[in-house]
Each structure stands twice: as structure tokens, then as C-alpha cells.
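Build the full structure now, drawing on both the sequences and the hints.
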Amino acid sequence: MGVRSRRLALVVLLGLYAHSASAQPEHAQLQAELRLVSQTIATRYDITAAFTEDFRRRLRGGLTSRVLIETLLLSPSSDVLSARVRTCELRLDVWDDLVYARIRDSTRVRRHTFRLIDDALRACGQVDTAIADQAMLTRAKGYRVQSTVSLNPVSEELLERTREFTANPRGNAGGRPRAFFGAVSRLFRAESDIRGTVFVFRSAPLRNPRERR
Amino acid sequence: MVGLVLLSGLSLGIVPSQGLAAPYTLTASTSSTADGWQAFDAFVDGGEPTHPEPRPQAQATPVFRDQALFIEAIEVLGNNKTRRQTVLARISVSIGDLVDEEAIEESRLRLLGTGFFRKVNFSLRRGSRRGRVLLLVEVEERNTILVDALYLGYSKAASTFGGVGLAERNFLGQGVTVGGGFVLGKDRRSLQLRSFAPSVFRTPLQLSASLIVLKGVEILDPESPESPNLFYRRFGGTFGVGFRVGVAQRISLIYRLESVRAERLANLDPAILRRAPSLQRDDSLLSTLTARFERDTRDDPFVPTGGNRVALTAEVGTALLGSTYEFSKYSLELSQAFLVLQEHSLEVHLFAGMVQGQTPFFNQFFVSDFAYFAWQRNSLARNAGLNFSASNDYDDLLASAGAIYSVPLFGGENLLYGLWVYGGVELSATASLDEAQEDVAGRGLQGSVPLSFDVGLKFDTVIGNFRLSASYILDLVF
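Residue numbers (my numbering), protein chains in the order written: chain C, 1 to 213; chain L, 1 to 478.
It should be emphasised that the hints constitute simulated quantities derived from the structure, not laboratory data.
Heads up, a few of these hints could be off.
Claimed, not checked - Below, a sample of chain L positions facing chain C; criterion: calculated Cβ distance under 8 Å: (1) 105; (2) 106; (3) 109; (4) 121; (5) 122; (6) 123; (7) 126; (8) 207; (9) 230; (10) 233; (11) 234.
Unchecked claim - Label pairs and their computed distance ranges (CB to CB): (12) C/57 with L/318: 57 to 63 Å; (13) L/96 with C/57: 44 to 50 Å; (14) C/80 with L/81: 57 to 63 Å; (15) L/118 with C/80: 33 to 39 Å; (16) C/57 with L/130: 23 to 29 Å.
Unchecked claim - Among the chain L residues that face chain C by a calculated CB cut under 8 Å, a handful are: (17) 101; (18) 104; (19) 124; (20) 125; (21) 247; (22) 273; (23) 274.
A virtual CB, placed ideally from N, CA and C, is assigned to each residue, including glycine.
What follows is the structure in C-alpha cells.
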């Protein structure tokens with residue numbers, strides 16, 4: 001293999017690597033605002049659109065659905081200034097056709113009963129929470145709100161407990177290729193199908209509400 | 001509860017707690033207590049995720065432990081091919097049970113883990129009277145016929161050869177794997193059939209069986225193609241019993257019985273004869289018992305990004321079992337996977353093995369089965385038990401260690417689920433116990449120590465996982 005060929009191979013590999021590195025998913029846009037309430041900074045946004053059809057279908061099925069919403073306040077340099085977590089537990093009673101919702105924020109738990117599933121989802125997806133003390137925001141602008149929404153997440157412990165034996169039943173752990181175009185078998189278990197759906201939203205840079213006054 | 005405490009602690013550490021949330025109230029209305037709240041209160045409180053972990057970790061799905069909802073019937077929908085009993089065998093709740101949401105979620109994951117289904121949904125419907133419900137299990141089946149072996153190659157010793165292996169992972173909808181494959185080449189052919197039942201009668205018991213019919217040849221003197229070669233035949237199979245003994249762990253006992261026939265080698269140079277692969281001439285019997293322990297926690301055997309695999313194997317051939325060959329064979333496999341740069345896969349692995357006594361050459365270690373492309377090594381990995389190269393350096397000792405790094409290029413949802421480019425490096429060493437200890441003219445401990453490399457592509461498709469290897473092409477060219 002000549003020097004030119006080796007350089008070409010190196011360039012191709014670096015190109016593939018760069019392509020892979022740049023293939024990170026971008027955050028979806030979040031319409032959020034920062035407000036000053038008393039001495040605290042509050043944020044308000046709506047992620048109701050993140051509830052997928054599969055999620056709604058499960059909710060309609062009468063089994064408990066769970067939502068985990070993590071709210072982060074990011075500094076202009078993308079450092080995490082503070083975090084808040086909301087969990088929503090929703091269940092449709094198949095006999096009464098009522099949706100029971102328990103929404104737990106950092107400091108309190110609220111219970112609601114709804115006749116419409118959409119109303120329950122709205123109560124869960126509309127986040128309005130205190131996020132930081134005003135003293136923590138020292139810059140005039142550039143703050144972002146990031147929200148990570150996990151729909152029916154599954155615990156690692158449950159995943160471990162239910163996993164099938166993933167080794168090839170032939171006992172072949174892989175090894176070198178047996179031919180220039182080889183194949184190996186495996187058990188299917190698309191982790192993305194199992195772990196639940198996760199969305200990450202991030203707002204545009206926001207002004208410090210204290211500065212706006 | 002622990003999670004909640006952790007959250008509180010970390011939150012206080014990050015956010016000054018000067019009455020932050022106390023003066024702040026939301027305007028949403030809170031309903032009055034309804035009857036259903038009694039059931040709702042039976043939720044098992046899950047902990048909260050802890051920051052600054054990048055991804056919230058969920059606790060178990062909420063459960064209605066005391067909810068007075070009885071399962072009146074279980075209905076399975078969408079199972080066009082899979083038998084109802086195969087689905088029910090993986091469901092942890094039964095008719096007459098209280099609705100247990102954790103058990104239902106566990107059942108959903110078990111069904112998805114079989115690989116028979118693309119989607120699994122559980123839901124409740126009103127039963128014949130209040131307090132009774134129907135449990136609906138809706139499944140969306142997926143293709144379970146896979147190409148699990150694909151051979152296509154060329155060598156100076158055997159010209160062009162090829163073959164294929166297919167496996168049906170849900171045979172007749174029973175959840176049993178049945179597969180087979182063949183390889184054809186000059187003077188060589190191999191047919192293998194196998195079956196694997198991952199769960200017998202809803203127990204941790206597993207059964208496996210295999211059959212092999214093989215006709216092969218080993219080249220004794222690569223410098224002189226006209227000289228006699230070793231022609232042999234194998235016919236036999238295995239029967240195994242496995243037990244799942246914990247999370248991702250299995251203990252297996254496998255009985256192996258093979259009839260071996262090898263042609264006599266007449267008028268051969270004694271030096272060549274001494275280096276010939278180990279095999280009893282005429283008819284012989286290979287009868288062995290294998291014990292194996294495996295633990296596999298990798299998230300994916302094809303492109304793992306976490307977890308590890310351990311396999312310990314001991315095989316014994318003895319006259320007590322009627323075997324012509326008396327030997328013991330031990331092997332250790334270790335691999336550990338890592339997630340690098342968010343979505344790259346790094347897997348490091350180690351294989352070590354030893355054979356004590358006399359075993360057929362096809363049961364010894366062949367260094368090319370473990371090494372990638374190495375300069376002027378000139379041998380290929382065996383395909384379905386057949387050696388298509390002129391090399392026959394079978395050895396009793398093996399140590400091999402290496403790493404594979406995979407970088408994702410593409411991810412899809414239809415025919416092609418994923419595409420990766422990978423690079424691998426392997427350092428292997430083999431030696432023969434007999435030659436080292438008894439035969440000073442043999443290769444002894446200088447057996448073979450190739451440092452080998454590979455680059456290629458990995459494909460995850462609807463019909464299986466494939467690997468396009470540059471090392472194999474380089475082996476053929478150089």
C-alpha cells in the first residue's frame with residue numbers, strides 16, 4: 001500500500017469519524033420564559049406536544065402512565081445553575097372513565113381528576129415552576145431552559161431482571177470474520193423500544209428577568 | 001425514598017434554599033377526592049432522579065397493589081404466527097389475579113426480549129361486572145427468520161467456496177430456534193442443523209441439540225500439492241441442557257457424540273507425518289461431556305456499549321463415555337464493552353484455552369479463528385468447521401486479546417437499522433503442549449504470535465447482522 005493510498009484511507013476514516021461525531025441529535029426548540037416572582041426566578045413552558053400517540057394509547061388502556069420532566073436552568077456558558085423535577089402519574093379508570101393524575105413537583109404533590117385525557121396531559125405538560133433564586137443570575141441575558149421529558153421510563157433494575165440471555169445460542173461470541181462478508185445472529189432487543197421515549201427540549205437564549213425591570 | 005432524599009440533598013447543594021418554592025404557587029385547580037383515589041394512593045412511590053446525572057433514572061412503574069381489579073380473562077391479539085401459549089408463557093399474571101402493574105410491565109419487557117415482536121402493548125377493558133377487567137395483550141410480530149451465517153471466499157487451497165446459515169427463531173410459533181447451514185468447496189462440505197428451546201414448560205430449563213455432517217481435507221505439505229492429504233469425515237451431534245441461574249447467567253451441560261473416519265496415510269515422509277493434524281486413522285469415536293458457565297450482561301452482542309461477557313468451559317473426553325480420545329479442554333472468554341464519546345462502542349476481549357491429552361485436530365485451537373489480517377500469515381478462519389487454507393497449525397494452548405472499536409454512521413427504522421464502521425486489533429499466541437514437552441523437532445512454544453488488524457462495516461438489518469471485513473480480503477490478496 002503506497003503512501004498516497006494510506007493517506008487517502010486516513011482521510012476517509014477521519015471523515016467518517018467526523019461525520020459520526022457531528023451526528024448528535026439536536027435539541028428541539030422549547031418555548032419557555034423566565035419571570036421574576038417575589039425573590040425567585042420562575043420558568044413556564046408547555047411540552048404537551050411531546051406526548052406521543054403510543055403514550056396516549058397506553059393511557060387509554062387503563063394502566064398507569066408515568067412522565068418524568070427534568071427542568072434545567074443553564075447559564076450563558078451552558079453550565080447547569082439549577083434543576084427541578086416533575087413526575088406525573090396518570091391512570092384512566094376503565095369503569096368510571098375518569099383520569100386520575102398525581103403530579104409531584106419538587107416540594108409538593110397535587111392530585112387531579114379529569115374527564116378528558118387531553119386535560120390530564122395538559123396539566124402534566126404545562127410546567128410553571130420556580131427554578132432559581134434571583135441572586136444566581138448575574139448576567140443580563142443568555143440563559144436557557146432545558147427540559148428532558150421521559151415517557152414511561154423503565155428502571156435499570158427492571159431491565160436487568162427481564163433480560164433474556166443475549167448470547168448467541170450457538171455459543172459463538174463473535175471472533176474474527178469467517179468470510180469477507182460474514183453474519184452473526186443475535187437476539188433482538190431494541191433498547192430504544194423498551195426504555196421508553198425521551199425528548200430533550202432547549203429554549204433560545206433568554207434575558208435575565210431582573211434586568212428587564 | 002432513597003432517591004427522593006438524594007434529590008433533595010443535591011438540589012439543596014445546587015440551588016440556595018432560601019424559601020425558594022414556598023412563596024410560589026401554581027394556579028391549577030385541585031379536585032376533590034374521588035373514589036378512585038383509594039386505588040391511586042396504592043401507588044408505590046418511586047424515587048426522583050438525581051441531578052446532575054445526565055439522564056433521569058426511573059424507578060419501577062407505579063403499582064396498584066391493593067386495587068380491587070381482578071383479571072377475568074387474558075386476550076392475545078396480533079399473534080398471527082406465534083402461538084397463544086408462547087405469549088402466555090412469558091406473562092407473569094394469570095386469570096383470577098389482581099391487576100399488578102409491575103408484573104404487567106415485567107411481562108411486556110419479557111415479551112419484547114424474545115425478539116418475536118416489534119411492539120407489545122398491555123391494556124385493560126371492562127369485565128363482566130365492576131371490579132373485573134379483561135387484560136388485552138396486543139403484539140406486533142416481526143421477522144424472525146435470520147441469516148445467521150454467510151460464507152463466501154476464495155483460497156489457493158480450495159478455490160471458491162461459499163455457504164449460508166439460516167435460523168428461524170420462532171419455529172412454528174413455539175418460541176423455539178431451529179437453524180441450519182451449509183458450506184461447499186473443493187473436496188469439502190459441511191452441513192449443520194441445530195435447535196434451541198430457551199424455556200421449557202415455563203421453567204429456567206433450556207434444551208439444545210445439533211447435528212453435523214462434514215467431509216473435509218487437511219493439506220499436509222503446502223510445498224508439494226501432489227503429496228497425499230488427510231481426508232476425513234465427521235458425523236454426529238450434541239444434546240445440551242441449560243439452566244438459567246440468575247440474571248443473564250446460564251449453566252449448560254452438553255453431551256457430544258461424533259463418529260470420525262480418517263483415511264490412512266501411507267508412504268508419507270515421517271517428518272510430514274509427525275506434523276500432521278492429530279486424528280486417529282480409520283474409525284474413531286468422539287464422546288465428550290462439556291460444562292459451561294456463561295454470564296452475558298452486554299446491552300447488544302453485535303455493537304455493545306456496556307456490560308460484559310464471561311464464559312468458562314470445560315470439555316472432557318474419556319473412555320468411560322466410549323470415546324477413543326481421552327482429553328480435557330478448558331477455555332475462558334472475557335469481554336467488556338464501553339460507551340465512548342456518547343455513541344461509539346469499544347469492546348475489549350480476552351480468550352485463553354488449553355487442551356490436555358489427545359483430541360481431534362478440529363477440536364484444537366486454530367489461531368486464524370481468532371486473528372484478523374496479519375502480514376504473510378496466509379491462513380483463513382475455519383468456516384462451519386472446515387479449513388479452506390493450506391495451513392493446519394492446530395495447537396493446544398491459545399491466548400488471544402484484542403479490541404474492536406465501532407463508530408455509528410447511520411441509523412434507520414426500516415430495512416437497515418444501523419450501519420457502523422469498525423476497526424479491530426488482535427494479538428494472539430498459540431503453542432502445542434505435546435511439541436513443547438515431547439517433540440524437540442516440533443514448533444514448540446514458537447507456534448504463532450500474529451498481531452493482526454481489521455477494518456470493515458457492520459450492518460444491522462431486518463434479516464440479520466452482517467459484517468463486511470477488509471481483513472478477509474487482505475488475507476486473500478497477500
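Hints and how they fare:
{"no.": "1", "hint": "105", "in the structure": "holds, 7 Å"}
{"no.": "2", "hint": "106", "in the structure": "holds, 5 Å"}
{"no.": "3", "hint": "109", "in the structure": "holds, 4 Å"}
{"no.": "4", "hint": "121", "in the structure": "holds, 7 Å"}
{"no.": "5", "hint": "122", "in the structure": "holds, 6 Å"}
{"no.": "6", "hint": "123", "in the structure": "holds, 3 Å"}
{"no.": "7", "hint": "126", "in the structure": "holds, 5 Å"}
{"no.": "8", "hint": "207", "in the structure": "violated, 11 Å"}
{"no.": "9", "hint": "230", "in the structure": "violated, 22 Å"}
{"no.": "10", "hint": "233", "in the structure": "violated, 21 Å"}
{"no.": "11", "hint": "234", "in the structure": "violated, 17 Å"}
{"no.": "12", "hint": "C/57 with L/318: 57 to 63 Å", "in the structure": "holds, 59 Å"}
{"no.": "13", "hint": "L/96 with C/57: 44 to 50 Å", "in the structure": "violated, 27 Å"}
{"no.": "14", "hint": "C/80 with L/81: 57 to 63 Å", "in the structure": "violated, 49 Å"}
{"no.": "15", "hint": "L/118 with C/80: 33 to 39 Å", "in the structure": "holds, 37 Å"}
{"no.": "16", "hint": "C/57 with L/130: 23 to 29 Å", "in the structure": "holds, 24 Å"}
{"no.": "17", "hint": "101", "in the structure": "holds, 6 Å"}
{"no.": "18", "hint": "104", "in the structure": "holds, 7 Å"}
{"no.": "19", "hint": "124", "in the structure": "holds, 3 Å"}
{"no.": "20", "hint": "125", "in the structure": "holds, 6 Å"}
{"no.": "21", "hint": "247", "in the structure": "holds, 5 Å"}
{"no.": "22", "hint": "273", "in the structure": "violated, 30 Å"}
{"no.": "23", "hint": "274", "in the structure": "violated, 29 Å"}
Of the numbered hints listed earlier, those contradicted by the structure are 8, 9, 10, 11, 13, 14, 22, 23.
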